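Colleague: The lines below spell out each chain.
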Amino acid sequence: MSTSGSGAIPVTVLTGYLGAGKTTLLNRVLTENHGKKYAVIVNEFGEIGIDNDLVVGADEEVFEMNNGCICCTVRGDLIRIIGSLLKRRDKFDAILVETTGLADPAPVAQTFFTDDDIKRKTRLDSIVTVLDAKHVEQRLADSHEAEEQIAFADIVLLNKTDLVATGDVGRIEARVRALNPFAKIYHTSRCNIELDKILDKGAFDLSRALELDPCFLHGHAHDPAHDHSHDHEHGDDHGHNHGYDHAGASAANPIHDQDIRSISLATAAPLSADKFDAWMTDLLATEGQNILRTKGILNMAGNDRRFVFQAVHMVSEGDYTGPWPAKDNRRSRLVLIGRKLDEAALEKGFNGCVA
Amino acid sequence: MATGTNRGQGHRSGGRVTTFSFGDYVVGAAVNGQLFAVGLGDGTVRLIDSETLDAEPVTVSAHKGAGLCLSADVDKGAFLSGGDDGKLVRLAPIGAVEVLAETKGRWVEHVTAHAGSGFRAYASGKDVFVLGKLGAPPRKLSHPTSVGGIAINPKGRRLAVSHYNGVSLWWLATKDSEPVSLQWQGSHLQVAWSPDGDYVLTAMQENALHGWRLSDGEHMRMTGYDTKVRSMTFTRRGHFLASGGASRVICWPFTGGGPMGKAPQEFGGAGGPPVTAVVANPLHDVIAAGFEDGTIVLGQPGPGGSALVMKANGNPITSLCWNPDGDKLLAGTESGDVHVADFRPI
Numbered sequence: 000m001s002t003s004g005s006g007a008i009p010v011t012v013l014t015g016y017l018g019a020g021k022t023t024l025l026n027r028v029l030t031e032n033h034g035k036k037y038a039v040i041v042n043e044f045g046e047i048g049i050d051n052d053l054v055v056g057a058d059e060e061v062f063e064m065n066n067g068c069i070c071c072t073v074r075g076d077l078i079r080i081i082g083s084l085l086k087r088r089d090k091f092d093a094i095l096v097e098t099t100g101l102a103d104p105a106p107v108a109q110t111f112f113t114d115d116d117i118k119r120k121t122r123l124d125s126i127v128t129v130l131d132a133k134h135v136e137q138r139l140a141d142s143h144e145a146e147e148q149i150a151f152a153d154i155v156l157l158n159k160t161d162l163v164a165t166g167d168v169g170r171i172e173a174r175v176r177a178l179n180p181f182a183k184i185y186h187t188s189r190c191n192i193e194l195d196k197i198l199d200k201g202a203f204d205l206s207r208a209l210e211l212d213p214c215f216l217h218g219h220a221h222d223p224a225h226d227h228s229h230d231h232e233h234g235d236d237h238g239h240n241h242g243y244d245h246a247g248a249s250a251a252n253p254i255h256d257q258d259i260r261s262i263s264l265a266t267a268a269p270l271s272a273d274k275f276d277a278w279m280t281d282l283l284a285t286e287g288q289n290i291l292r293t294k295g296i297l298n299m300a301g302n303d304r305r306f307v308f309q310a311v312h313m314v315s316e317g318d319y320t321g322p323w324p325a326k327d328n329r330r331s332r333l334v335l336i337g338r339k340l341d342e343a344a345l346e347k348g349f350n351g352c353v354a
Numbered sequence: 000m001a002t003g004t005n006r007g008q009g010h011r012s013g014g015r016v017t018t019f020s021f022g023d024y025v026v027g028a029a030v031n032g033q034l035f036a037v038g039l040g041d042g043t044v045r046l047i048d049s050e051t052l053d054a055e056p057v058t059v060s061a062h063k064g065a066g067l068c069l070s071a072d073v074d075k076g077a078f079l080s081g082g083d084d085g086k087l088v089r090l091a092p093i094g095a096v097e098v099l100a101e102t103k104g105r106w107v108e109h110v111t112a113h114a115g116s117g118f119r120a121y122a123s124g125k126d127v128f129v130l131g132k133l134g135a136p137p138r139k140l141s142h143p144t145s146v147g148g149i150a151i152n153p154k155g156r157r158l159a160v161s162h163y164n165g166v167s168l169w170w171l172a173t174k175d176s177e178p179v180s181l182q183w184q185g186s187h188l189q190v191a192w193s194p195d196g197d198y199v200l201t202a203m204q205e206n207a208l209h210g211w212r213l214s215d216g217e218h219m220r221m222t223g224y225d226t227k228v229r230s231m232t233f234t235r236r237g238h239f240l241a242s243g244g245a246s247r248v249i250c251w252p253f254t255g256g257g258p259m260g261k262a263p264q265e266f267g268g269a270g271g272p273p274v275t276a277v278v279a280n281p282l283h284d285v286i287a288a289g290f291e292d293g294t295i296v297l298g299q300p301g302p303g304g305s306a307l308v309m310k311a312n313g314n315p316i317t318s319l320c321w322n323p324d325g326d327k328l329l330a331g332t333e334s335g336d337v338h339v340a341d342f343r344p345i
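If you read the protein sequences in the order shown, they are chains A and B. Mapped onto numbering that gives the first Met the number 0, the consecutive letters of the first sequence carry residue numbers 0 to 354. Mapped onto numbering that gives the first Met the number 0, the consecutive letters of the second sequence carry residue numbers 0 to 345.
So that you can see chain B by itself, here it is in the shape it has in the complex (with noise of 0.2 Å):
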């Protein structure tokens, strides 16, 4: 595997990582394609396109404040970026730039879609909205609390919404239903399903991720952080849920019955700072870390051990994203760096 430390103004190759110094807190990335897209502090969204890392990256300005949050769109190519300005905006994939909803005073704080059902979720405060068609009136959904994270299941048919005390779960094509909770007291933030939609997966405002398995309403309970988790992903399979929080990567198993009772297995990082991004490959069995040293890391759980990507520098690892291909890899920071590695055969 192929490493580098290239960082610099602008952006230059070196190695096999390429790195873009967009000066701004990367709040967020997501792929579409071949297109990487990163979301950052001063309302901007860049574009990168995977293939070609040596062209200049689109800057499109979405927000008058700050992005908030960030995810690929339906359509091939095309983003939705959340800001602190109250806008939801659709990116088109020629870099057209189209207000979806305006909410002034409030912060566009979560969104997300799938793409093979076609639906698209944000949350505002204490309420998501779901649109389908575009142009359609959005469907109000509302919670007794702030939303902490919102989720899409694989299948494309329901939607999770963290809040206080819970997860409540809503069909997103049956209007006029009330929600199924899912409860446990506390804030619960970002909300993940298991790659099968057996489990639900929450990371907690305490040290803690909390796991619903549906079948059974059985709870979860994971513990032994350092610190918030602020990010946790399944592997492709759903073999394991890997998540920071901790100075190694915390890998809890969810074969045979789920991670009840079991010990978690660790990747990664030697006791050091905590791990603040970590993202599963879409095709192969490698889970991608970043540190708040802003190392990165490759590996999984087992004896294995892992793979450095980079070394550290001082400068947070905020946001990890795959390409389709699972052979490029995106990185971005707390200073607005982002780091392109590419890990395909020379």
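Extracted from the complex, chain A is given alone in its bound form (with noise of 0.2 Å):
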């Protein structure tokens, strides 16, 4: 048995409204000579202009898992035709998922960390998110849709952005930023971006998006050795408030508007992994339908190396990846996206980590 290591195949996950931007990318990454071949999965099978047999349309067909509960909520078209495609494995190199402007992207998320069958044999690469800039701030407006898939997102691309004037730019920007902090955002008219940039970077996977931008400041994991947990009992070790280093002035991002938001938590004092386990343990038991995504890069007492660690709402995972880039930096970083984040709380519960 294997995990999802080197052999595991790369997905891709395309969000974004209609009217975004996504087909014009599926259709460049289907036609252009970029060495890899992709199977896609549609939900459109008309959109795409191309024939070709490893294009597949789905039905986005979400259910509950676990009689009804909403965090193991996945998609079941999607378990169905990945497990068929892997059997013609040798014929693809990478698949990936375009999702419709509604849809919610954590059921999506949430299949790659459920079924047995696609965690042994895929990893999620990314998620990417297409915005057109043009009319981003409308759909913030009038849809929670949207501000979820930005939630969401590794990457963003900000689209059509020759169609809005620069200054407005820099301002939609900082409202993705501030639903987002650790999304790589690129600026770009007709997805016009070098596809290397969004395809097999690994952007879901911590350890890779250190090893590729060294500069990756923002809390981020996943776990080559797949210790997976999805567990609804109550840890009940919450420590107290010791010296911390708090994160500073950006540290929330509330959008007048908006019910999504960040909240980035920090601190140069070594955790304890165990302390750290149970709390998290609970809070995404408690308040995981309200946390959309969870990134952390953690210094835990008496390891060298950097505990990584991810969430979609409760499914989650982590492990020690490399080493600290300097042996004087070893900041323990957290970043929560969500509803309703009780702020005090969260940081009460982080600083009570430390070891």
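Each hint should be verified, as a subset may be incorrect.
Claimed, not checked - Taking beta-carbon pairs under 10 Å as the criterion, some of the chain A residues facing chain B (in silico): (1) V54; (2) V55; (3) G56; (4) D58; (5) M64; (6) C71; (7) V73; (8) G75; (9) D76; (10) I78; (11) L84; (12) K86; (13) R87; (14) D116; (15) N302; (16) D303.
Simulated from the structure, these hints should not be mistaken for lab results. Here the structure is a predicted model, which is why all the values come from computation and not from measurement. Don't be surprised by glycine CBs; every beta carbon is placed ideally from N, CA and C.
Work from the hints to combine the two standalone chains into their complex.
Modeller: Spelled out as structure tokens, the structure:
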């Protein structure tokens, strides 16, 4: 048996509203000579103008596992389709999943941590969200899907920037950044970006993201050994406030008319792995429905390697990866994106994890 | 019982196991008369004559893409194959290929047929199509969500279709009927009838089986599996439902009112990799089980233990199939090796 390591097939999830430019990007992936053959799962079979036997239509069938646990909501059609694609795996190198503009990205992401076969043979490479710069502010004002898609993104393509004034681009990017401090943001027109910037990036995978971009600052995690947990038990080892080092001014980013926000926590004091595990287990069990994504790079007492952690709602994984880049900069960072986040309680809980 | 572990290029007979190396994922296996059929991820179907295992298997190009499902057809020696090219293909006994249906952009994911009643059914997305006489237009049965599995009951009169949140039961010969709905929340995949037709069972996306007793709608929930259950089989007289999904073969008793409140019996394996395929022998009280590490055993519930047919070789077993006489067992694997074990007395 192999875990998702070198042999695992990378999966890129493409989200964004209708008209943002997803189909343009898909057609480029299917036609450009980038040396890889993609199996593409689309939601509207007719939209793709290319006849390719590795393009398959999906139905976006979302269902709840474990008798209605909302955080076990997965895409059943993806499980079926990817399960069958894996039987002809020598025919393609990577999978690209397109979702509709109205889709919540969480069930797509959770699918890759829930089904045994998929977990074993694929790895979620990145969630790429395409935004129409001209209309994204309106979308953010009138729907919750747009902000969810931004909140879940590892990579954001701020597309059609040629159609808006330069000053507006800065304002829009600031709003995106406030919703999601760890996403990589690119400005494009007609999705004009080198495909190697978005495909097979390991953006979902913190250990790789750090290798590719040593300056990658914000929390983000994944683990080649796949220590998934999905625990509804309650941990009870809440510690108390020891000395800590707060992240500072940009810690919380509420948006006036939005209910999703991000909170960044940081400390220079080494953390206790046991305390963090107990706190996070309890936090995700009780608040996982409101917490969309969590990413962290943590300095655990007694270990020279970085502990990387990430979660999509309640589905989490974490493990020790490579060494810290510099001995004097072992700051633990944790970023949470969600609704109804109690900043004071989160800060207290995080600081209670200090060893 | 004879054992052997012959592997290699081409096919060779060694001990009592003959191995064919087809080189592509085995998506399904079926038997019709003395002919075994093996569907592969490269879209071909290989036909193996169980009486002449030293002969070269016949290769039939069935699909442009991958094969997804395979069944014996209603006529002797014929098979049905569905693929991700949207085609349902019939392989006539002499190896001729006939396209029975084609849907662009859709996959044919499940197919089954009942020799006694002459009905065939196949599933594509949310729809199941029922074919009676060849050439007649198929009857379309629609469902609210994608179909996870289909099965015709032993008498050949009813069709069970699993999907999200339950199973729909259709009468095959009666048109315009609404299905009987068996409900249970979750995603239901493989579906099976008990040999007496009194129970319908599904393997779920969760690590569990679910069942309904049709007489009173009583639910059965069978849990405790390590992984998703990808295979289940009723023993020939319906005394046990054997299943994969755990490191041993899990057998639920179906005598005396069903498995409710009873513990399952187990055999084979020893806490290692999970059972990936099971199939009951058609004539004897014995079950064949294949494991993720390539091990194949024969056994039965109870203290008798199990007999090793093939040792672990790291190549997961995807499908198992007995010949009608129950003395030859075909096993398909992820790598495309196909083993046929011969249990006839020498």
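Colleague: Please go over all the hints and tell whether each is borne out by the structure.
Modeller: Comparing the hints with the structure gives:
With a cut of 10 Å, the hint placing V54(A) at the interface with chain B holds, because the nearest CB-to-CB distance is about 8 Å. Interface hint at V55(A): satisfied, since its Cβ lies 7 Å from the closest Cβ of chain B, which is below the 10 Å cut-off. Of the supplied interface hints, the one on G56(A) holds, with its beta-carbon coming within about 5 Å of a beta-carbon of chain B, less than 10 Å. At about 6 Å, the closest approach between the beta carbon of D58(A) and any beta carbon in chain B falls short of 10 Å, and the interface hint on this residue holds.
Using the Cβ-Cβ criterion of 10 Å, the hint placing M64(A) at the interface with chain B is satisfied: the shortest such distance is roughly 6 Å. Interface restraint check for C71(A): the shortest CB-CB distance to chain B comes to about 9 Å, inside 10 Å, so the restraint holds. Contact between V73(A) and chain B, as hinted, is supported at the beta carbon level, the nearest pair being about 8 Å apart and thus within 10 Å. Hint status for G75(A): holds, given a least beta-carbon distance of 5 Å to chain B, under 10 Å.
At a threshold of 10 Å, the smallest CB-CB gap from D76(A) to chain B is about 6 Å, leaving the interface hint in force. Given the 10 Å rule on beta carbons, the hint for I78(A) holds: about 7 Å separates it from the nearest Cβ of chain B. Nearest Cβ of chain B to the Cβ of L84(A): about 8 Å, under the 10 Å cut. The hint holds. A cut of 10 Å between beta carbons decides the hint on K86(A): the least distance to chain B is about 4 Å, and the hint holds.
Below 10 Å, beta-carbon pairs count as interface contacts, and R87(A) has one with chain B at about 4 Å; its hint therefore holds. Annotation: interface hint on D116(A) holds; nearest CB of chain B at approximately 7 Å, less than 10 Å. Annotation: interface hint on N302(A) violated; nearest CB of chain B at approximately 30 Å, more than 10 Å. Among the interface hints, the one on D303(A) is violated; its C-beta lies about 34 Å from the nearest C-beta in chain B, farther than the 10 Å criterion.
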